[in-house]
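Novice: Sequence:
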Amino acid sequence: MNSDVVEYIGLSERCLENSDEFSPPESKRLRLDDNCNNSLNNCLNNTSNNSTKWLCSGDTSLVEPEILEDMGVSMLEDEAISYKSTRKSHSLERIASPTVSNNRGQCGKLNNSQNQEYSYSGSSFDTVSIDSLEATRRFGLDPYESDEPTTYSTIGNESGYSSRMEIDNFIDTKETSPEDDLNVSTRESSLEQFNLYRRKRKSSIVGEDKFNKLSDEMILMILKWLPKKCLVRSMLVCKRWCQIARDEVLWSRLDLGSKVLNEGTLGHILPRGVQILRLAQAEIADPVFLENSEILIDGYISKLQYLDLSMSVISPDGLAMLLSKCKYLKKLSLEKCTVNRACCKAISNNNDLESLNLTMCEGMDIECVKDLMKLKNLSAVNMAWCSLDADAMALLCTSLPSSVVRLNIAGCRKTVTDDNVKDLVKSCPNMIELDLSDCSMLTMNTVRNLLDLSKLEHLSLSRCYGIPPSTYVTLAYMPSLLYLDVFGVIPEPVLKSLQVTCGETQLNKFLYSSIARPTVGVRRTSIWGLRVRD
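Quick note on my numbering: the sequence shown kicks off at 1 and runs consecutively.
One or more of the hints may lead you astray.
Said to hold, decoys possible - Computed list of lysine-lysine pairs in BS3-like fashion (alpha-carbon distance at most 27 angstroms, straight line): (1) Lys-303 - Lys-259; (2) Lys-200 - Lys-210; (3) Lys-224 - Lys-259; (4) Lys-229 - Lys-210; (5) Lys-213 - Lys-259; (6) Lys-303 - Lys-224; (7) Lys-303 - Lys-374; (8) Lys-303 - Lys-330; (9) Lys-327 - Lys-228; (10) Lys-345 - Lys-325; (11) Lys-426 - Lys-370; (12) Lys-259 - Lys-325; (13) Lys-229 - Lys-239; (14) Lys-336 - Lys-325; (15) Lys-259 - Lys-336; (16) Lys-509 - Lys-496; (17) Lys-303 - Lys-228; (18) Lys-345 - Lys-330.
None of these hints come from the bench; they were simulated from the model.
Build the full structure now, drawing on both the sequences and the hints.
Specialist: And the structure:
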């Protein structure tokens, strides 16, 4: 390092030690008092007389820009030189810093006497002049957005002081510029005018929609020819079609046999006005109706009239819930289902019920029989193989309404007796079809009681081993009897001779009973003679 610089640094440190005050931090902003201004003016006069530059390598960041303007310090316009001098000024900031002390005059005198020795050619603290900034604004440029480091450098002058405040003023000026205010106001106005709206879907129909010219009744007649699968898909076309496709005329009959129905599926089907519903061998999951279903509203009554649940998989509680919403049933089949007291009580509320099939139902007891005997319009009842006890069977035979003309109580091997048959004949004198197969407790007295049924057309006594074969000959003389089934009782040679004796009565023509059953033989598309498939 130059010896003059070292000597200068030493003198500056001694001035600091002798001074009573210490210089404020760089972050503090210092204003010069009148004494300092006078010393600076003297220095300026001396400098102008000698026509030499007064330089100082001290920190130039503590003087307000107004002081520089009052002093009339000339600024160099060479930006390249200013950038280099700025870099050197930052390197010398740690070496020397200006102080304000009682011996300011001594420090100022030291600077005046040695200004020629400590000046570096081409390394003075040059800055951008105010004139250059004004010229830049005239050309429409923003001097504060320049990437040149000279734009934001500290301003040096011949007094040896500079101000960081000027940079802050530049930044504040930039932050509060009219352009930014305009941008902020523009953004606020744009936010106020911002609205959300839904984009309109492009129409998938090109040209004129011919269906708009048709009335709902005309479209309903067209949709009537569609199968249920296509009818469900047509609901997705538009809201109008969805409303039309839900009309009760299109959903009066429905076949869901052998289908798997999830929870709440029936809650969407029944409100469409289904009257004929086939659910044979279907799997219906619990709960049958969801909590928010329309069916669960108090007072709701389904329009179902024909319901086939033969061999379906459904819980007793789910079945009771379904039957509780049915009050207009005319024919019902619960073959091979599990029932309880609630199910039978719900069935008894259908006063118009005519046909009831409970073949092989589990859970039947005397209380269930009491509820079922409240149905006074029954005409066909099938309670074969229900495992009824003797008390339940006795109640059934004595309480059956006189409207019953077709009855099947087969499979009651040890519970049906001759006395029960006698009570049955008294309760139902208009019996047309009767099946007493597999009732091994019956004897020839039963045949004598059956002769009182003047309208009997079809009688089944298959596997009734307690009745002698010769007794069947007396039944052949019944004027109304058309069919007599005695499978497993009479040998084939005897059967042929009996056929000759019976005359018009045909023997062993029906292997299975069709009483109250919804489907007979190969007729799988209808229940009780009513079509359910499209």
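Novice: Could you run down the list of hints and mark each one as holding or not?
Specialist: The hints, checked one at a time:
Between Lys-303 and Lys-259 the CA atoms are separated by roughly 21 angstroms; this keeps the pair inside 27 angstroms, and the hint holds. A threshold of 27 angstroms between alpha carbons decides the hint, and for Lys-200 with Lys-210 the separation of about 22 angstroms falls inside it, so the pair holds. With a C-alpha separation of about 23 angstroms, the suggested pairing of Lys-224 with Lys-259 holds against the 27 angstroms cut-off. The suggested pairing of Lys-229 with Lys-210 holds, with an alpha-carbon distance near 23 angstroms, which does not exceed 27 angstroms.
Between Lys-213 and Lys-259 the CA atoms are separated by roughly 39 angstroms; this puts the pair beyond 27 angstroms, and the hint is violated. Between Lys-303 and Lys-224 the alpha-carbon distance is near 20 angstroms, which keeps this suggested pair within the 27 angstroms criterion. A distance of roughly 21 angstroms separates the Cα atoms of Lys-303 and Lys-374; the hinted pair therefore holds under the 27 angstroms criterion. Taking the CA atoms of Lys-303 and Lys-330, the gap is near 11 angstroms; set against the 27 angstroms cutoff, the hint holds.
Annotation: proposed proximity of Lys-327 to Lys-228 holds, straight-line Cα distance about 26 angstroms (limit 27 angstroms). Among the hinted pairs, Lys-345 with Lys-325 is consistent with the structure: their alpha-carbon atoms are about 12 angstroms apart, no more than 27 angstroms. Straight-line distance between C-alpha atoms of Lys-426 and Lys-370 comes to about 19 angstroms, which keeps the hinted pair within the 27 angstroms bound. At roughly 21 angstroms between alpha-carbon atoms, Lys-259 and Lys-325 fall within 27 angstroms of each other, so this suggested pair holds.
Of the supplied pair hints, the one linking Lys-229 and Lys-239 holds, its CA atoms being roughly 18 angstroms apart against a limit of 27 angstroms. Using a Cα cut-off of 27 angstroms, the hinted pair Lys-336 and Lys-325 holds, with the two alpha carbons roughly 21 angstroms apart. A distance of roughly 17 angstroms separates the Cα atoms of Lys-259 and Lys-336; the hinted pair therefore holds under the 27 angstroms criterion. Note on Lys-509 and Lys-496: the hinted pairing holds, with a Cα-Cα distance of about 13 angstroms set against a maximum of 27 angstroms.
About 19 angstroms separates the Cα atoms of Lys-303 and Lys-228, which keeps this hinted pair within 27 angstroms; it holds. Taken as a hint, the Lys-345 and Lys-330 pair is honoured in the structure, with Cα atoms around 16 angstroms apart against an allowance of 27 angstroms.
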